[in-house]
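*Asks:* Sequence lines, in order, name chains Y and X.
Under my numbering, the first residue of the first sequence carries the number 215, and numbering increases by one thereafter.
Under my numbering, the first residue of the second sequence carries the number 8, and numbering increases by one thereafter.
These are calculated hints, taken from the structure and not from any lab test.
Treat the hints with care, since some could be wrong.
As the list claims (entries may be wrong) - Going by beta-carbon spacing under 8 angstroms, a handful of chain Y positions derived as facing chain X:
| id | residue |
| --- | --- |
| 1 | Asn252 |
| 2 | Ala253 |
| 3 | Glu281 |
| 4 | Leu282 |
| 5 | Thr310 |
In this text, a Cβ means the ideal position worked out from N, Cα and C, and glycines have one as well.
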Amino acid sequence: MKRIAVVPVLLVLLSACASQGLTVTDVWGRPSPSAAANAAFYLTIENHGGGADLLVSADSSACGTTELHETYDKGSGVMGMRPVAGIDIPAGGSVTLQPGGIHLMCIDRLADFAPGDHIPLTLKFQNAGTIEVDATIGES
Amino acid sequence: MKRFAIFAGSILALLLLVFVGPHVFRPYAFSGTVVPSPDPSYDFTLQSASGPVSLSDFRGKVVVLYFGYTFCPDVCPTTMTELAKTMKLLGSKADNVQVVMVSVDPERDTPDKLEEYVRAFDPAFIGLTGTPDQIAEVTARYGVYYARHEGSDGYLIDHTATVMVVDTEGRLKLLESFGTTPEDMAADLSHLID
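Looking at chain Y on its own, in the form it has when it is part of the complex (with noise of 0.2 angstroms):
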């Protein structure tokens, strides 16, 4: 009887992603030293939807100013940082920001970040909207 009752449940469920197309997980950041002007989120994104999407900017109201960034290697073990445009999301695929990679970049960040803090953060697609998410900040 109890699994009759799961199906249905799972099925809004379902509908629902597939309404939206992506799904946003592990949305975390490090606990940022007071000293520590500036930090770092990181997410999964998922795409379930038939189209490509693209992740146009982020915002929180943690942070004085949120960038999209990107870590990249210069060579000879010199890391660098640049800003970019925006985050392709594959039509079926997924797309991890992480530690020395893509991450969003809290500039100017206004809150104390411990562990256990959730952070407040708007995704901005160009497809599928906004998207509010939390990111709980702890060691990954």
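Please arrange chain X on chain Y, whose structure you already have, making use of the hints.
*Replies:* Positioned in the frame of chain Y, the structure of chain X alone reads:
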């Protein structure tokens, strides 16, 4: 019967030597790149929040040298977190290791700010800064590149993200590239302590 026992024993000893020997006697292979430095490396003196600190102050300890800056959002906090994990993995051996972060942003990183920054990762870490000329000298001597470029709010610094390991005699011994796991780093450091 006795002769058979000696024979069997010899065969067993031979097998042990052939199959186990190479694992026991094989020299340790460092994860990091080994730097041939017969003499002590450049002995700098820079400012900590509690006064001047020289590399030679840590003779007898392994020094983990990292060049970074507090405004760095991704690479530096990642490396500092991994170094803190490395120290935890080392347990009591961590007493024989000193992690030192040298700022490549002397204009913005004051000694007090650096101390607060590094201690957030591990209370035993030390942060050092100096005049722009002193930092230019130290980085040049250790082959560290750093270059500012404008960001939307202030500037960012592209820099060498390699972790440098100085042995107990003050000689630059290992270069650990960005992304080396705390496990590999701890094994390398542990080997230099013994």
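*Asks:* If a hint holds in the structure, say so; if it does not, say that too.
*Replies:* Quick rundown of the hints versus the structure:
Here the hint on asparagine 252/Y is kept, as its CB sits about 4 angstroms from the closest CB of chain X, short of 8 angstroms. Checking alanine 253/Y against chain X: minimum C-beta separation of about 6 angstroms stays under 8 angstroms; hint holds. For glutamate 281/Y, the shortest C-beta to C-beta distance to chain X is roughly 6 angstroms, which falls under 8 angstroms, so the interface hint holds. At its closest, the beta carbon of leucine 282/Y sits 11 angstroms from a beta carbon of chain X; the interface hint therefore is violated under the 8 angstroms criterion.
Here the hint on threonine 310/Y is broken, as its CB sits about 14 angstroms from the closest CB of chain X, past 8 angstroms.
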